[in-house]
Structure formats: structure tokens, C-alpha cells
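Residue numbers (our numbering), protein chains in the order written: chain S, 1 to 263; chain P, 1 to 255.
A portion of the hints provided could be inaccurate.
To be verified - Here are the computed lysine-lysine pairs in the DSBU-like style, where the Cα-Cα straight-line distance is at most 35 Å: (1) P:Lys114 <-> P:Lys235; (2) S:Lys166 <-> P:Lys117; (3) P:Lys114 <-> S:Lys166.
The hints are simulated quantities; they were obtained by calculation from the structure and are not laboratory data.
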Amino acid sequence: MKRHLWFLLSNLIVLGCLLGLWQMVVWLLHVPAYMLPGPMVVGAAVEHRFPSLLQSLLLTSTAAALGLAGSVVIGVAIALVFAQWGWLRRLLFPYTILLQTVPIVAIAPLILMWAGSGVTSVALVAFIICLPPIIANTTQGLISVEENLVHLFLMHHATAAQVLFKLRLPHALPNLFVGMRISAGISVIGAITGELFAGSSRVGQGGLGYSILYASGQLETDYLFALVLAATVLGFVFFFAGMFLEWYFLHHWHESNRSDVPE
Amino acid sequence: MNGIPEISVDGVSKQFRSGALALQSVSLQVEKGEFVSLLGPSGCGKSTLLRLVSGLTEATGGTVAVNGMPPANARELMSFIFQDATLLPWRTVAQNVGLGLELEHVARSTREDKVAKMLEVVGLTAVADRYPRQLSGGMKMRVSIARALVSRPRILLLDEPFAALDEMSRDRMNEELLRLYLEQQWTVLFVTHSVAEAVFLSTRIVILAPHPGRIEQVVPVDLPWPRTAETRTTKAYEEQVAQVSRLLRGVRALS
Numbered sequence: 001m002k003r004h005l006w007f008l009l010s011n012l013i014v015l016g017c018l019l020g021l022w023q024m025v026v027w028l029l030h031v032p033a034y035m036l037p038g039p040m041v042v043g044a045a046v047e048h049r050f051p052s053l054l055q056s057l058l059l060t061s062t063a064a065a066l067g068l069a070g071s072v073v074i075g076v077a078i079a080l081v082f083a084q085w086g087w088l089r090r091l092l093f094p095y096t097i098l099l100q101t102v103p104i105v106a107i108a109p110l111i112l113m114w115a116g117s118g119v120t121s122v123a124l125v126a127f128i129i130c131l132p133p134i135i136a137n138t139t140q141g142l143i144s145v146e147e148n149l150v151h152l153f154l155m156h157h158a159t160a161a162q163v164l165f166k167l168r169l170p171h172a173l174p175n176l177f178v179g180m181r182i183s184a185g186i187s188v189i190g191a192i193t194g195e196l197f198a199g200s201s202r203v204g205q206g207g208l209g210y211s212i213l214y215a216s217g218q219l220e221t222d223y224l225f226a227l228v229l230a231a232t233v234l235g236f237v238f239f240f241a242g243m244f245l246e247w248y249f250l251h252h253w254h255e256s257n258r259s260d261v262p263e
Numbered sequence: 001m002n003g004i005p006e007i008s009v010d011g012v013s014k015q016f017r018s019g020a021l022a023l024q025s026v027s028l029q030v031e032k033g034e035f036v037s038l039l040g041p042s043g044c045g046k047s048t049l050l051r052l053v054s055g056l057t058e059a060t061g062g063t064v065a066v067n068g069m070p071p072a073n074a075r076e077l078m079s080f081i082f083q084d085a086t087l088l089p090w091r092t093v094a095q096n097v098g099l100g101l102e103l104e105h106v107a108r109s110t111r112e113d114k115v116a117k118m119l120e121v122v123g124l125t126a127v128a129d130r131y132p133r134q135l136s137g138g139m140k141m142r143v144s145i146a147r148a149l150v151s152r153p154r155i156l157l158l159d160e161p162f163a164a165l166d167e168m169s170r171d172r173m174n175e176e177l178l179r180l181y182l183e184q185q186w187t188v189l190f191v192t193h194s195v196a197e198a199v200f201l202s203t204r205i206v207i208l209a210p211h212p213g214r215i216e217q218v219v220p221v222d223l224p225w226p227r228t229a230e231t232r233t234t235k236a237y238e239e240q241v242a243q244v245s246r247l248l249r250g251v252r253a254l255s
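Let the sequences and hints guide you as you build the complete structure.
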């Protein structure tokens, strides 16, 4: 407990020092606020624009969460198909890598054209960048089951479905969560990127991405900083939510989450 | 006795896809209630022979019959115990032991009943709700044995099950296995590379030679039953170990 407290305290001290340094630079070099606002000005902007900031945050997190959830459902389904039929995996797996290397900034306008502006397109962009890590990791977990375990199942006349859902899927859970941890972090980036192109400009419907465009257009640099701060916090929240889910589902049995020593 | 051997291997060969000949015209008959050990240097195909009997792989020549049936049709009669405990880490001890029954759609109440009884037989009742990672190597192996026995097999196939254990636990597991063997009267095919283990457990030892895998010698073991820890201190046991070691050295010199 004492160690945890000290860890927290030392982190806060570092944060305080960094903020202090930032404020000093702004003061001493007389940097104008539209170039680099000091932390106090940013703090004031957060306070002043809090309702709209919160609304943007909620919109972006909704889109990111939808995209992430969709990628988990579809990604696991695709991985199950890949695990069941090896020839299909060999045929199609390279394309999932292609999905990862395609620059999302380049296809976002296309998605806007197809799906219109709004939360659907934004979630779709998040979905696309979240999908490859889920597919790759889950597939890896599904197919790396020890051969003897498969034999054990076969000795008991296990059906293909039993091997898949009672052996391969639980075996792949740790891998799925690794994928989810990666995707949770980038889902927020995906959603914001999506909003830069496809966010709705109607009042109260622009997420963080749209608000960032707006704030930079208006040279409201303090608000821009507040938005960046909000986006960063959101990424953190998603990442830790993923970590929590992983701990919740795996800590009973998985080695990486062991909390007690045997015997 | 109905005249049909429990396990019958007749002129069996196994060639891997790579072309390597794992077994060449091997013939072996195992009668009901026998405890037969397959002993030999690595590469002699002893594990392959076990897998052929289990029906997990098929012979490229000759025939294998279990109770007169092709192995794949006789799976209900057999249980396989692997070198590693091969437990599912996300299942508790009780759930692991009940796995086979669950896959065969045995009703839950019956299953829980059988699992509880089996856990008692192997002395695991106290750890029924633990996860495998909380168990020692010997305990894990015991769970693996319980899982194999819960379906009341007539034939037990073991592939170097105690190779990873330290000598003390290995000896203890051997004694326990024999106690259960006398109680439940299976027919056993046991792969090992430990001479002492083979002599202690078996009614018959089959010594195999490598390249290509073939049966070199069959040695009957006539130590008195029941065999306990004291058996290891007798002169007859020591002599038998020495004899089998000598034969095995001969095989190694050949390879």
C-alpha cells in the first residue's frame, strides 16, 4: 500500500514539474497564447468549454467503442473461420495485413462518400483500423493449440464444433486480449481520424476530431490543447478498460495474471 | 477369455510422409489384463506404436485390432495418457477430469458424481476447485490419470507419463498406478525409457530397436504381486533390472 502511494506521489511530482516547466517557458519567452498557451490558460479553457468538451468526448468515445466492439465480433468470427479452414486462411490472411497497411487517412474520404457523415462513418473508420490486430492475434491463438490436446479431444469423439469452442477459443482468449489491448488504444485514434473527415458539423454533433478542426480554424489554441488532452485521456481510458477486461476474464487461470504462488 | 486378444498388432509398418520408416513389420499380441511396457532408445517407434493402437494415426502396412475392432471404433474402451499432463488451464481440476464425459454428452449430475468418486480414488478431492497452474507436476499428472480413468476404460495407453517427474514422485506414482491396476484390472500398454520403471510395473517388457523400429526382444517379468515399494529392494527385482539393462545396451550397440 505504502509503495503504491509513493509510486502515485512520484508520478504526480513529475507531472507537476513538467507543467511548471511548460508555464515557465511560456512566461519567460513571452510566447503568444495562440502559438502555445500555458497550462493555466488551457485549464481555464477546459473549465470554460467543459459542456461542449464533454459532449465531443462522449461522441468520440461512442464511435470508438462501436468500432472496437464491431471489430471484436467480426474479427473473432473471421479468426474462427480461418482456424477451421486452413486453405481459406492461407488464401485470405495476406489481405488482412493489407487492411492494416492501407493508409486510413486516404480511405476515410471514401467512407464519407459511401456512408455519409456522422457516427456510422466514424465508427467504420475505427472498425477498420481495429480489425487487423484482432484477426491476427486471435487466429494465432486458435491455431497454436498443442497437438496432444487435439488428440485428447479426438479420443473422446469430439466434434469439430467442440474442438473449436471448448478447446481452441478458450485457448485463444489471452491472444484475443492482446489484440484488444492494441485495438483499444488505436480505436480512439481511428475515431478522431474519422471525425476529421466524416464528423458531423451540426451543432452538438461534432466529436473531438471535428472540434479540433474547428478550434484550429478559429485559432483557439487553448481549446485545441484542451481537446488534445481529452483525446489522450480517452485513449488511456480505453486502454485500461481493455486491461481490466483481460484481468477479469483471465486472472483465475492464466500465467500472465497469476496473483498467487503455488503450494 | 473369449480367445480374441485385447490388442493385436500384426505385421504393422509405419512410414512417415517424409519417407522415414518408423516401424517395420511389428507383431505383438496383448492379452486381457496384461501390463506391457514398450522400452527402447529414442527413434525406435515406441510412441508411434502406441499411437497406432489408439487410432490417432494409421498404419501404412499390416493391421491393428483392439478387441477385434479397428482402433478408431474401439475408442470407448481406451484412454490415453500423454507425457505432459495436457490439462486445460482454464478449467478447474474437477472440470478437467470431467472433460471426456462432457464431450460425450454424459448428463451433468452423472458426470459430477463420477468425477467426485474418481477424485477420491486418486486423492485429489481437496484440490477439486483449483486451477492447474496452482498444482505441482506430480499433482497435474494425477489429474491427467484421473481424467483417463473416469470413463472406466478397459485399456490404458500411457506415453512416458512420468518422464518429467523427479524420481521420488515417479516411484510414488508407479506404486499408485499398480494399486489402481490391481483394483480396476485394465490392460496396459506403457511407453517408457526407464528400465527400473518398466520392470517394476510390467508383466511383460517389449524391447524395441531403432532404424527401422522393430521388436528386438520380449522379456516376461515374474516378480510377485502385489508389488510395493519393498519390491524394489528385493534381489529378484535387481536381477531383472540388470538383465533388461543388458539387453537394452545390446540394442543401443546395434543402432
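Lysine 114 of chain P paired with lysine 235 of chain P [C-alpha distance capped at 35 Å]
Cα-Cα ~41 Å, so violated.
With a cut-off of 35 Å on the C-alpha distance, tell me whether lysine 166 of chain S and lysine 117 of chain P pass.
Given that 35 Å is the threshold and the Cα spacing comes to 24 Å, the pair holds.
What's the verdict on lysine 114 of chain P and lysine 166 of chain S, does the C-alpha distance respect the 35 Å limit or exceed it?
The hint holds at about 21 Å.
Violation of the numbered hints given earlier is confined to hint 1; every other hint is satisfied by the structure.
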